[in-house]
Amino acid sequence: MSIKLGDLSYQQRIEKGIENDFMREAVSSAQGRFRNGRLTQAEELGDWEDWRQLGSEIRTHTLENIDYYLQQLSEQVSKRGGNVFFATTAEEANAYIEKVIKQKNGKKIVKSKSMVTEEIGLNQHLEKLGAEVVESDLGEWILQLDEDPPSHIVTPALHKNKEQIRKTFAEKRGYDQSDSPEELAAFAREQLRKDFLSADVGITGCNFAIAESGAITLVTNEGNARMVTALPETQITVMGMERIAPTWEDMEVLVSLLTRAAVGQKLTSYVTSYTGARLEGEIDGPDDYHLVIVDNGRSKILGTEFQSALHCIRCAACINVCPVYRHVGGHAYNSIYPGPIGAVLTPLLDGYDDHKELPYASSLCAACTEACPVKIPLHEQLIRHRQIIVEQEKKSPIMEKIMMKGFAQWASTPAAYKLSTKLARTALKPWTKDETIKNGPGPLKGWTDVRDFPAPAKQSFRAWWKERQKGEVRNGNS
Amino acid sequence: MAIHNQDAFLSNVAAHLGRPRRISGVKRPSWSVRPQDRVFAGYSKEELLAVLKKQCQAIHTDVVEVQQSELAEALTDTIKRYRGKTVVVANDKRNALYGLDQFYEQLNKEVDVHIWDAQLGKENQTIAERADIGISFSDITLAESATVTLFNDKHHGRSISLLPKSFIAIIPKSTIVPRLTQAAQQLHASVEKGERVPSCVSFVSGPSNSADIEMNLIVGVHGPIQATYIVVGDK
Amino acid sequence: MRLMKVSLFITCVSDMIFADVGKHTVGILERVGCEVDFPVAQTCCGQPAYNSGYLQEAKQSMKQIMLSFKDSEYVVGPSGSCVGMLREYPAIFKGDSEWEEAAIDLANKSYEITQFLVDVLGVTDLGSTFKGKVTYHPSCHMTRILGVKDAPQTLLRHVKGIELIELPIKEDCCGFGGTFAVKNSEISREMVKEKSQHVAETNAEYLVGGDMGCLMNIGGRMRREGKNIKIVHITEILNTHEQGGGIA
Ligand code: SF4
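Quick mapping for you: the protein sequence lines, in order, are chains A, B and C. All letters in the first sequence, in the order written, are residues 1 to 478 by our numbering. All letters in the second sequence, in the order written, are residues 1 to 235 by our numbering. All letters in the third sequence, in the order written, are residues 1 to 248 by our numbering.
Hints listed in this document are in silico derivations from the structure and should not be mistaken for laboratory results. Predicted model, so just to flag it, every value in this text is computed and none were measured. Certain hints may be false.
Listed below are the simulated DSS-like cross-link pairs for lysine-lysine, each with C-alpha atoms no more than 25 Å apart in a straight line [what the hints assert, rightly or not]:
1. C:Lys94 with A:Lys405
2. A:Lys395 with A:Lys470
3. B:Lys122 with B:Lys93
4. B:Lys54 with B:Lys122
5. A:Lys470 with C:Lys5
6. B:Lys27 with B:Lys53
7. C:Lys149 with A:Lys418
8. C:Lys170 with C:Lys149
9. A:Lys162 with A:Lys128
10. C:Lys5 with A:Lys375
11. A:Lys375 with B:Lys27
12. C:Lys170 with A:Lys375
13. C:Lys94 with A:Lys445
14. A:Lys438 with A:Lys422
Whole structure, please, built from the sequences with the hints as guidance.
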């Protein structure tokens, strides 16, 4: 996989999403739970707005000085017996990881959930080499067995129900018990435990690297990331270059925001900060450690009006409040990054050609912006994308362009505007019945396909005002 | 160890930021707000303990509070409750301090007790994998999230709190602080002093869990399935 | 006491389609002692073009608005969304030596009607009376862009005879989103279906809101589904009094 998931058109994806009743039910109930969890936690914490402000200040400072902090990080990791590789592209990252695995003659690789490795298509790359790659996050494992892409950045298998999961386990792994979540999870525990113990290489992503000491912090509930970092002899961390915090104190704030915004927890069961290779005499932890820092299109976002999109801490709060996501599901975005942040980030990382519809898949209700724990102005960035699509990419439909030119003329010429207020009712007369338009012409069609449109007023406000000024109408209150 | 490709990469980053590369002299600004300092500020240990106990319910973790003299008994009870046949224990200095050395020796007559032994190498992992229960002391305990902080090292393997089905944390009351903030401050301060931070700092809050199947909370996935905290009055 | 001078910013939707909203707004403002004028050169706030990415086109419209209100003391309009747009002008014209000042000036003096009543005039009880079961939809731009959350509900609570029913998940978008409703009409349909469902669950007789765009969307959908509900702009309720009132 890479950022893009498949080849269906936008229209096809939207329809497929809307028709998928199970998925919509699942997403809707998940969003309900997320909403409650997040609100309770924010309430308990009290000054949520202060926390958001702090998070936003930390991220802003970090990104403004990211070269400095990345250097500090890499030096610290190196001091602690780790190798650091700066990868400009996905290919470079994959090639380096391949080299490390080959050197160690690695056959079996266990992974804990990582979006950036999805982004660079690491699994496919390694599988081509004949290595066995096992995803150990329960949701990711389900998807891996079923060869299905994630639809959410925190709970990747959100779109699947337990019966589907039972079937997958039965077909792929000979599972013969019920579809109770406990039994399914117990089965996964037993199966994956063997993989943890026999893997030569562990690969994880990174929630926050701590520049001052070279520690990598992983935030999980299942404990799989701890397994991956404790057991294999070789361990590789792959991080998007922006996933860094200057100090432990900053990491602390970001983790507090992340767990609350993501799942409404005070902390997840495990927050693990590991540094480099294991120390002399230690048993657990890798003997051979590598940190791969990935750019893959991020640096070109720096210094643009989209820089704050790199502040994202991947909590999915924006996704969990998004009504568009609720109705179309994650796969409709055709990106491993769905929802509002996906609509912002995907065109930046992967270009407009394949993703030019995404910035429009939003009613600009700003629920995302309000939910974001680091205050990324997501809906404003969507508008900015639209501007670029119109003005620089010139990818907007010709009819729309003509209409907008017309709009500008109309709205900047009071006489034309006034005339339209006079004529609107008459112009729409042919389509009007009982003060209602059910089958509107031209651009109104999209509207009236879905709902009624009201007939314009018999007398426009300005006409009424003019009469009133002439003293023909008296104000009822006076 | 080697750092590859750093200069080209970071120079490119700086170029996009529209300025020369920053190699030194970056200071964190003082943030305009510090809500983290206000959480449970001024709480006594007793009050913090109450916070911790309440949070334990939310994270499916049993908590008992004992005097030092009752610690051995509390451990015995918990091990029985978990039907522990094999136990793996961190080789912690505090074992002696709290009189647990003799206790484990005694216990070893009924239950298989393994004290983490760096000399044994990977054997420790194998034992931990087979053990029913892992026992560790908490280094810093976070009241808000009911979290035990474990500074893992050669005497205190990461596996102890991870591989066995059940986990028992012994929490000296004096280790309780309001929240993650205080633990982070301590670690930051030690970095500033030039000290070496542990190769692994594990913040553990109760048993492992997952909500990946239809958002149902399942307690116990890859890590321990159950957890007990034993809060003990200080020496 | 000197009368407070207020210029009405009608918004193009209300000017053309929902003229009564303007009349109620005038009624309320005069009732609380404002002197209302209506600068006739005003057109549209520019939002349809701005939100679609047509910045240049939007700016032409915005300049017309700035010109129209350049002499006004206060600008008050019956829409959280359109007033919210006005408040964004400074960011849009930042660095534009010709227009930046006008943009800041306009943003600083523009208010949505309920916001003006509560935050500027300090009025929470207009002495209005309205009989009926009412549910309130807080539109997204009113609450999140303009940041007006409490004013409309404070005013509604003081209306005599009103029975206010809480709308479930009221903060959820209705799917209007201006051109979104047309450009992404399938998604918009699913959103408004859900919103209509929530409104229907309240069994309210009236759906009230502060933005005609959203009300037109939800009302239009409910009508299409044959659900019986009247949509009313908040000014209509606030401008209803025992001793007459209503539209002049
Ligand atoms: S954009 Fe904000 S809300 Fe969305 S995932 Fe990133 S941090 Fe979370």
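*asked:* Check whether the Cα positions of B:Lys54 and B:Lys122 lie no farther apart than 25 Å.
replied: violated (38 Å)
_Please verify whether A:Lys375 and B:Lys27 have alpha carbons no more than 25 Å apart._
The hint holds at about 22 Å.
*Please work out if B:Lys27 and B:Lys53 have their alpha carbons no farther apart than 25 Å.*
With Cα atoms ~39 Å apart, B:Lys27 and B:Lys53 exceed 25 Å; violated.
*Would you check the hint for C:Lys170 and C:Lys149, treating anything up to 25 Å between C-alpha atoms as holding?*
Holds - the C-alpha atoms of C:Lys149 and C:Lys170 are around 12 Å apart, at most 25 Å.
_Holds or violated: A:Lys162 to A:Lys128, with C-alpha atoms at most 25 Å apart_ = Between A:Lys162 and A:Lys128 the Cα gap is close to 31 Å, so the pair fails against 25 Å, i.e. violated.
*Taking 25 Å as the top limit, are the C-alpha atoms of C:Lys149 and A:Lys418 close enough?*
violated (33 Å)
*Hinted pair A:Lys470 and C:Lys5, Cα distance within 25 Å*: holds (20 Å)
*Within 25 Å, alpha carbon to alpha carbon, are C:Lys94 and A:Lys405?*
holds (23 Å)
*If you draw a straight line from the CA of C:Lys170 to the CA of A:Lys375, is it 25 Å or shorter?*
holds (22 Å)
_Tell me if the straight-line CA distance from B:Lys122 to B:Lys93 falls inside 25 Å._
holds (22 Å)
*Hey, C:Lys5 versus A:Lys375, does the alpha-carbon distance stay inside 25 Å?*
Not OK: C:Lys5 and A:Lys375 at ~37 Å, beyond 25 Å, violated.
_Holds or violated: A:Lys395 to A:Lys470, with C-alpha atoms at most 25 Å apart_ = Answer violated: A:Lys395 to A:Lys470 is near 50 Å, above 25 Å.
Consistency note: the structure conflicts with the earlier hints numbered 2, 4, 6, 7, 9, 10, 13.
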